[in-house]
Each structure stands twice: as C-alpha cells, then as structure tokens.
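A.B. asks: Chain by chain, the residues run as shown.
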Amino acid sequence: MMVEAEATHNQGLDVWSERLETEKLLWNDACLAADIFVQLLHNGEFESAGLLVKAQAGPVRDIWLNRLTAALPEKLKLHTIPHTISPDRLVGGLDLTATLSNGRKVFHQGLLVQANQQAILLPSGDLLHCENLRQILAAHDNGTVNIERDGISDQQATRFGIVAFDESGEPGGDVADEQVHPGLRDRLTLHINLNEISIRSAQNLDPAPQVGPTEVSITTQQIEEICTLCVGFGLTSLRPAMQTATLAKQIARIDGRTVVKELDIQIAMRLSLLNRATQLPAPTEPAEEALPEQEQQPDAPEQEPVPEQSEDRDEQSDQRSGIPDEINLDSLASALPPGLLNLLRARLNKAPKSISAGRRGVGSRNNHRGRPLTSRRGDLGNGKRLDILATLRAAAPWQKLYGDPSTSASARNPIRVRRSDLHIRQFKQRSETSSIFVVDASGSTAINRLAEAKGAVELLLGASYARRDHVALVSFRGRQADVLLPPTRALVRAKRALAALPGGGGTPLASGLKTALQLAEDEWRKGRFPSLILLTDGSANVDANGQGNRTQAAEDAQNVARLIDASGFETLLIDVGRQQRPQAKSLAANMGAHYVPMPQASAGSISDMVKAHRR
Amino acid sequence: MAATSVSYPFAAIVGQDSLKHALMLSAVDPSLGGVLAMGDRGTGKTTAVRALAALLPKMSAVTSCQYRCNPIETGNHCEVCGSSDADAERKVGKIDVPVVNLPLGATEDRVLGALDIERALIDGEKVFEPGLLAKANRGYLYIDEVNLLEDHLVDVLLDVAASGWNVIEREGLSLRHPARFVLVGSGNPEEGELRPQLLDRFGLSVEVQTPNDIAQRIEIIKRREAFEADPQGFAKKWQRQNSRLRNQVLKARDELATVQASDDILALIAQICIALGTDGLRGELTLIKAARAEAALKGGSEISPQNVRSMAAMALNHRMRRDPLDDAQGSVRVERALEKIFNDDGGS
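Respectively, the protein sequence lines represent chains A and B.
If you count the first sequence from 1, you need to add 262 to reach my numbering.
If you count the second sequence from 1, you need to add 46 to reach my numbering.
Honestly, the hints are just simulated from the structure, not real lab data.
One should not assume that every hint holds.
Said to hold, decoys possible - Cross-link-like lysine-lysine pairs, in silico, PhoX-like; alpha carbons within 25 Å at most:
hint : chain 1 : residue 1 : chain 2 : residue 2
1    : B       : Lys66     : B       : Lys104
2    : B       : Lys282    : B       : Lys297
3    : A       : Lys367    : A       : Lys662
4    : B       : Lys282    : A       : Lys662
5    : B       : Lys172    : A       : Lys367
6    : B       : Lys104    : B       : Lys283
7    : B       : Lys268    : B       : Lys104
8    : B       : Lys297    : A       : Lys523
9    : B       : Lys140    : B       : Lys104
Model, not experiment: these values are computed from the prediction.
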C-alpha cells in the first residue's frame, strides 16, 4: 500500500515538474520570438517581421508585450490598430474638414503609411474586419498602400512589421469562436502561444544579443528538410517554408555563426511551425505512403500519434525512399520535449477533422458588411452619411449658376452646395442568408422517414446554392445535438455530412433547438440573416440535460421554442411524422414557425414548399 | 514578398505551367478575354502577373496622351489623338506595358474616371479625371481577390474589357476613351466564388495549386532566396531565358493572323463544347482563339487537334453548368469529356 501511494505521489510530482519544464520552454520560446522580431525590424527585414501571439488578455501577455516594447529602439514604434478601425484611417483618405475649408482635395495619411519602417500591433487579430485585414495584408505583401477611392489615386511606400494577438479559443471548442484569418496566419513568420504559460513561469529573461544583417548560408539539404517538415505539419502553402529558412538564419546569426546548423532549424520549427501545425508528421504503418500523397488530402489530416520509440521510427524511415526525413524526424523528436508534444497532440485532437475547410466560413466572415456602394442622391437625416466628394462633384458644374461667390454670404464659403446635390453614402445591406437545417435523426424518424427527410434537405441545399446561401447542418439523436456542419458555402461538404448522418436513439429535441438557436444568433452577429428549417415529428423524449423523461423533454422543447419565437428568426417546421400529431403543430405555434407536414409524395415537393414559403 | 524595383523574372518561376501558359497566350492575343487564376494562398499568382509585364517589350505610344494611344494604328484613338490637328504637337516614345493594380476598396469614380473636382471648383472647368481603366489602356489590369470585388464593378470592368471603350455619361460629362486591356483576375475560391455570369466572360481560367512535389518546393525557395539576396544579379542570370520567351511571344503575335483553322478543327471544337454542355458560343470562340494562339506560339501554321486538346480545359472549365453537389473541379470534368472524344475518334 505504502509503496503504491508513494509511486502515485512521485508520478504526480513528475507530471508537475514536466508541466513546469514545458512552461519554461514555451516562455523561453516566446521571449526569443519577441527578440527575433525586434531584430528583424531593426535589420529592416519587415517582410519577415511578423508575429502571431495566441494569448488571452492577462498578466502573462502584458509581461510579454512590455518586454517586447522595452526592447524596441526609440525610432521603432508599435502602432496599435484596433479592430474597429475605419478604412480611411487605415489606408488614408480625404480630410473632410480641410477639404471643405480649402475648397480643394486634401488627403490625410493612413496608419499603414504612418507605420512605415516601424510596426503595427493588432490587439485582436481574430476580430479584425476582413476588408481591413486584406488591406493590411496587401500593403505588407506589396510594400505599398494603393488608394483608389474618394477621388484619390495614390501609391505610398510602406514597409512594416506585424504583431497580432489571437484571442480566440482552441479550434473545436465553441462553434462561435472566430479564428484568425488563414491569410494572416500564412504570412506571419513567428507563432507563439502564451495561453499554456502561467504567471509563475513568466520570468524576466535576458534579451538575445542584437546582431546585424550578416550573411548566413543554408544548404540545399537543410531547405529540403524544412520543406519536408512543413508538409509533415500539414502546412502546404510555401510561405511557412520560406519563413522557417529566414528564421533559421537569424537564429544562427544570434549564435554568432555564418552557417545554419541543425539546432537552428529545430528552434525555427518550434517558433514558426509548431503553433500552426494542422497535423503531426508521422511515418506510420503504410511505410510506402509518400508525403506528397498525404498532402493531396489536406482536408482530412491523419492525426496519427508520433511513434514514441525511436527504433521504430528509424526502421520505417529506412523503408521510405526519396524523402530524406530520417534527419528531421530525429531532430523533431529531440527538439520536442514530451510535455510539449502532449500539449500539441491534445490541441490537435480537439481540432475539427477538416481543419482547413472548417475555417472556410470564418474566412469570409463579415466581408459583406458595410461594403461601400456607389453613393446616391438623397437627403440627410436618420444617421445617413454624406459623401462629400460626390456631393461636391454634383455641385461643381453649377457653381456659376448658383451665384457669384463674391457676394457677402458666400465670401467665407467658396463652394455652394444645394440640397439637390447631396449624395448619401450607401453600404451594402445585410443580404446574405444562411439556412440552418435541423434534422431529427432519432429512432422514431429513422424508422419512418429519415431517408425522405435527407432527400428533402439535399434538394433544399441545391436551392440554397442558387441563392448563394450559407448552409449549416444540425442533427439531434440519442442524448444530444451536434453541429454536423458549421455555416459554409461548400455544399459538397454539406452533402457529405448529410449522407453520413446515422439514425436511431432518443429525441433530445430541446438540445437540437438550442444548438440551432445559438448557431442562428452567431450568424446574425456575423451580419447574415439566419433562417431555421426544422425537420422533426415533434415528439421529444430526452430533456435538455440528456435525461430520458418524456414530460420534461416536451416542456424543455416548448421553452426553447418560445426563445426561438422571441428571437424573431424566420423558422419553418416540416413535420416528418407518419401521421400529423398535435405536438409538432403546437411546437411550431410556440416557435412562431410556419408548419408544413412533409408530403407523402416526394422530396421535390418539400423543396417547392420551402421556396413558396420564402417568397 | 519583398518589394523590390526589379520584378522576379518570368522564366524563373517554378511550376505553375498552366498559369504561365495562359498569361503568355494572352500576351500573344490580347483579345482572348483575360485570364482568371483561382487557387491556393501563396502560390505566386501575383508574382507571375508582374513578371509577365516585365517580360513584354516596350511599346511605342503617344507619350503626351493620357491614354497612351498607339501612334501607328488609327482605329482606337482617343478624342485628342483621333482629331485631325493632333499631329502637330504630339510626342511619340517607347513606354513600358502598363500593369495597373486595382486595389481593394477601389471606388467606382476611381475605376471609371470622374469629373475632376478641383478643376471644376477652382477653375470652373469641366475636366475628366481619368480612372484606372484609362491607365490600363493597352496593358494589363490586375485584380487580386476578384471574387471579393463588388459584382457591379466587375460587371462594368468586363463590359469595358470586351468592348475596348469606356463610355462616360455622368456628372455632366459625355465622352468615351479607349480602354483596351487584358483583365487578369485572381482569388482564393475558399473565400467566395465568382458568379457564373462573370466567370463566363473571362477568356481563360486556370486552377493554381501549391506544388506537391518536394523537389519543386525546394527549388522555389532556393530561387526566391537567391532573388531576394540579389535581385539585379538574379534577373541578369535569367535574362537569356526571359528574352527567349519574349521573342517567342513577339514571333507568335506576327504569325497569329496566318494560322489556319480547318473545318475539321472547327467541327472538333463544336463537338467538345456540345459534349461539355457549355452555354452560349463564347466557349467555342475562345477555344478557337486560344488554340490559334497556342499554334502560333509553337510555330505551327494551322491549328492541330493537339492544340485544341491542350487548350480545352483552360478555355472551357469555367463555362460548364455547375452541379453544386459534384465536387470534381471543372478541369477534371473537361479532361473526362476530352478523353472520351479523342479516344472515340481514334486519336485523330
């Protein structure tokens, strides 16, 4: 007994010290990344000076940021760009006050140009409006800001580094969680994660020595190794590989060498690749399987564990021909302490199966909100915004007719504008819709009409494509509801998810409705119009807590139904019961939904019904 | 990628054969209708377009003209160059082929051109301030993330690209100016697709993918490193290959008009379009033009079935009715249909 207890105790200590070791390593890396970032800025390598920090707001992040800003020399400022910044502040635009008082166009510089030869900080990189983010990325890529709006045609050179904080949770956690735009993730060189570090590990460390831009050589074999590593981590874009090479050189420089060594690549890999990996490189069972083949299916990264025993690995890599991965897999293993590896594996396991595809919807988020359209003539009021330039353009040809500017009233005001000249800015309205399909896949439906319901949804998906809708798929059976497909336009995925939907089990109607409602609210926040299409027979027998209790289940379902009614989302309930029963009807009434019994005939007529009900 | 005054040499681009081929064909025959390149992030779409412009020789133009009219050819002159008294003061010189980038957030007034507000207010003159379409005349208009551009703007752009004229009737202005340019659009399909109506109006479309071959990836990185370390030296190293490509394009331009298309070829093209169910005649016309440009580029005197075959995917894969639930890419479906037609004909 005693021995056993002691063993458990020791084990606990082991876990504890391993955890501490890991945290220490992560913090070292985070500090090194900050130092390298500053050095890259200092040496004028702005294209490589990109740093994505996964971190919630908190003391660790503050300590880290203080360290970074303290290391920045006087002339290198970090310009904060809030996610709510307006496009004209970002890239520059017309200075309204000056334009009006001078009677000619006066420009003001945007933040991106002000940050020339310096750096920008995106405090919530995950929340940044897509249009704004694209402007930032385009400026970073091209080294210029191109403005073609408000009557301005201008090109200004700007080179800047980027620090972005990513406050989102881990992928696969909450559906609503926004992820950093893949374009940003792809372009930033350094990737660190402060979320796994506790305050006690965030010690003050000596900064790495400042080094000049000396020439460092890297061998073809090392580039080869980096390329293989990237593919192994599921990073198919070419940028990460180039960034890792640049980083390895910089690390060699810090160590005072002119030749890249194995260790440099290991550190570069930890700083650049590990935190954005979508899979772990693993030479497993099918030894013939070459890496390029894995890469062709980036949608379904195999998350095989890294073999623990090095003998195994050696044997297997010997069998593989053509790809020199013995070196880098060994180096990978030695570069990754077990604690870090476990963390990474846990993170990857939580990720949705199709990681790259799953972000699709997020990538396009918000890109339709507030997109400027051509301005129209109109009156001010109701918070409408005046398009000064269009208004002036409209007024300009009439200045002579409007009167002599030398008369007293207009002496101070050289331009005369009449009401009919006013132009109002227009923005694209919320017009995108997303259809959220909620399919009851419980036993009762499965026996009766699940196949028919699937057929109907499939037809509706086709209709959604024609209308450029986003679609999402929620199903409920057994004890709970699942989001089979977060809102996306990739209909092929919707079709696959639907085909794979099994039937049977209890009917947790309340959970199904609740999940759908949450999804709808998320969509609303993203600027889309959600509508719910519910296919069920309305007879619940599992309550909101996953317990089998028919009375409670029905009550819970009706409660959620009332919430849906209160939300005001457009809702349609298709009764898929064999006979029409009162439960479904009363559920529809509580939800404020249109009630439609699924016709016995064909799936085609359901789709017609939905269309008719929509317009 | 680094901003340097020297652009990456076209000949040094690794892989991306279909994109490079499509761009060269558009240089041989600018009337092909532009190139659409959709594909993954970081595959060098932008690099290729910039490189192409640097590849093309300087062209002669009326340098005093804001539309850079061609001093020799007379049909497409702007109002000034077209009028009879223009000859007196015009200056002629050699200029680079313009490549105009349509940036994100560009507004309609800057794209089409509008009343020059300052001149109007200060001098009381009605003067047209040319937009990007005027700047792009006789060159390239490049739109990155074309799939995110406002539909209305894309519509206008394609209209102008097809007619070659930008017609302004607004703000008291009434004028037209030549706007003949090759439209090159690129984008990432994951972030939204282009409407089918717009897709159809691009001449050629290519699907760009990250190279899967490790060796190719290594080569890309090595060349990029070499270029960034010494842009001038790198460009010099590739000068010979670049000028070989340039001469190929120039020669093909001269011979384009003489390339014959036999009735058999026209029949084959019709057969392919019918088999693929492409809507309208645009597909057939583009395929004929593309095959002719390819024949010229390869030095042939008439279009061969092989030319048709190699161009079919680029000219047609974006014109097929899309089945939203079929995940096969357009090019795969074209390939399937071609396989069938060419095998049935016994490879004729």
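A.B. asks: Hints first: check each against the structure and report whether it holds.
C.D. replies: Quick rundown of the hints versus the structure:
| no. | hint | verdict |
| --- | --- | --- |
| 1 | B/Lys66 <-> B/Lys104 | holds, 20 Å |
| 2 | B/Lys282 <-> B/Lys297 | holds, 23 Å |
| 3 | A/Lys367 <-> A/Lys662 | holds, 20 Å |
| 4 | B/Lys282 <-> A/Lys662 | violated, 59 Å |
| 5 | B/Lys172 <-> A/Lys367 | holds, 16 Å |
| 6 | B/Lys104 <-> B/Lys283 | holds, 21 Å |
| 7 | B/Lys268 <-> B/Lys104 | violated, 30 Å |
| 8 | B/Lys297 <-> A/Lys523 | violated, 49 Å |
| 9 | B/Lys140 <-> B/Lys104 | holds, 6 Å |
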